[in-house]
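Visitor: For the sequence shown, the working numbering gives the first residue as 1, with consecutive numbering after it.
Worth flagging that the hints you see were computed from the coordinates, not collected in a lab.
Hints are not guaranteed to be accurate.
What the hints assert, rightly or not - Straight-line alpha carbon distances no greater than 20 Å define the calculated DMTMM-like cross-link-like pairs of lysine to aspartate or glutamate that follow: (1) 224 <-> 121; (2) 224 <-> 118; (3) 46 <-> 118.
As the list claims (entries may be wrong) - Just the calculated beta-carbon pair ranges, DEER-fashion: (4) 134 <-> 176: 41 to 51 Å; (5) 75 <-> 212: 35 to 45 Å; (6) 220 <-> 4: 45 to 55 Å; (7) 10 <-> 50: 51 to 61 Å; (8) 121 <-> 75: 46 to 56 Å; (9) 215 <-> 133: 34 to 44 Å; (10) 57 <-> 175: 20 to 30 Å; (11) 193 <-> 44: 47 to 57 Å; (12) 198 <-> 80: 14 to 24 Å; (13) 175 <-> 212: 17 to 27 Å.
Every residue, glycine too, gets a C-beta built ideally from N, C-alpha and C.
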Amino acid sequence: MPAWLSPEEWTALRLSLRVALWATILSLPLALLVAQALARWRFPGKGLLNGLVHLPLVLPPVVTGYVLLLSFGRRGWIGQFLDQWFGIVLAFRWTGAVLAAAVMAFPLMVRAIRLSIEAVDPRLEQAAGSLGASAPWVWATVTLPLILPGVIAGAVLAFAKAMGEFGATITFVSNIPGQTQTLPSAIYSFLQVPGGEASAARLAIISVGVAMTALILSEWLARKAARRVAGQ
Numbered sequence: 001m002p003a004w005l006s007p008e009e010w011t012a013l014r015l016s017l018r019v020a021l022w023a024t025i026l027s028l029p030l031a032l033l034v035a036q037a038l039a040r041w042r043f044p045g046k047g048l049l050n051g052l053v054h055l056p057l058v059l060p061p062v063v064t065g066y067v068l069l070l071s072f073g074r075r076g077w078i079g080q081f082l083d084q085w086f087g088i089v090l091a092f093r094w095t096g097a098v099l100a101a102a103v104m105a106f107p108l109m110v111r112a113i114r115l116s117i118e119a120v121d122p123r124l125e126q127a128a129g130s131l132g133a134s135a136p137w138v139w140a141t142v143t144l145p146l147i148l149p150g151v152i153a154g155a156v157l158a159f160a161k162a163m164g165e166f167g168a169t170i171t172f173v174s175n176i177p178g179q180t181q182t183l184p185s186a187i188y189s190f191l192q193v194p195g196g197e198a199s200a201a202r203l204a205i206i207s208v209g210v211a212m213t214a215l216i217l218s219e220w221l222a223r224k225a226a227r228r229v230a231g232q
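Assemble the whole structure, with the sequences as input and the hints as a guide.
Guide: Below, the structure is given as structure tokens:
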């Protein structure tokens, strides 16, 4: 534990890193699938899917958290099923914070990956397919290497968003120190008690540092992806 952080601050930071990492890892496969569908496939309801994917960006985060609570809480239709059949409880647990962070970060990841896929010339994929390669093999050997910087950029942005998620998280899993209290929740709590300004300031500086690093890295990766596709 860094000497300049108190045990409470370090616990909140460590939990935020854990939540953001798992939110990014678990949502990445679905983000790849959805981005591919939106960029390349034609199917009924494509506009509706696009709207649902981006809905968390325009909804108040508290509303998103409330919907998660209704759906994945112990009495929710999904939460009740998970609890009874698998013993999985998400509401008011750190795993629920992962779900909330993943939902809020998902649109950013999908958008970055989708833009990378759309920048790839479809003729390259068609040429590989004409040589007898299956669609999954074409995607793995042609598309994925070209969009990899975009995938990484989307994952970085999603990680930063998950680190800073507050509204949906506190609504779905509350603000329990040591269990669900992430970095933003800890900042909010420190600001509510006398003398907590210093702790809030330290955590705020960490949050700004993570966000700025993510934005700079994402921009660099996006430019690298553009140069790579342009040179194809």
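Visitor: Taking each numbered hint in turn, which are not upheld by the structure, reported in ascending numerical order?
Guide: Hints 6, 7 and 12 are the ones this structure does not satisfy, whereas the remaining hints hold.
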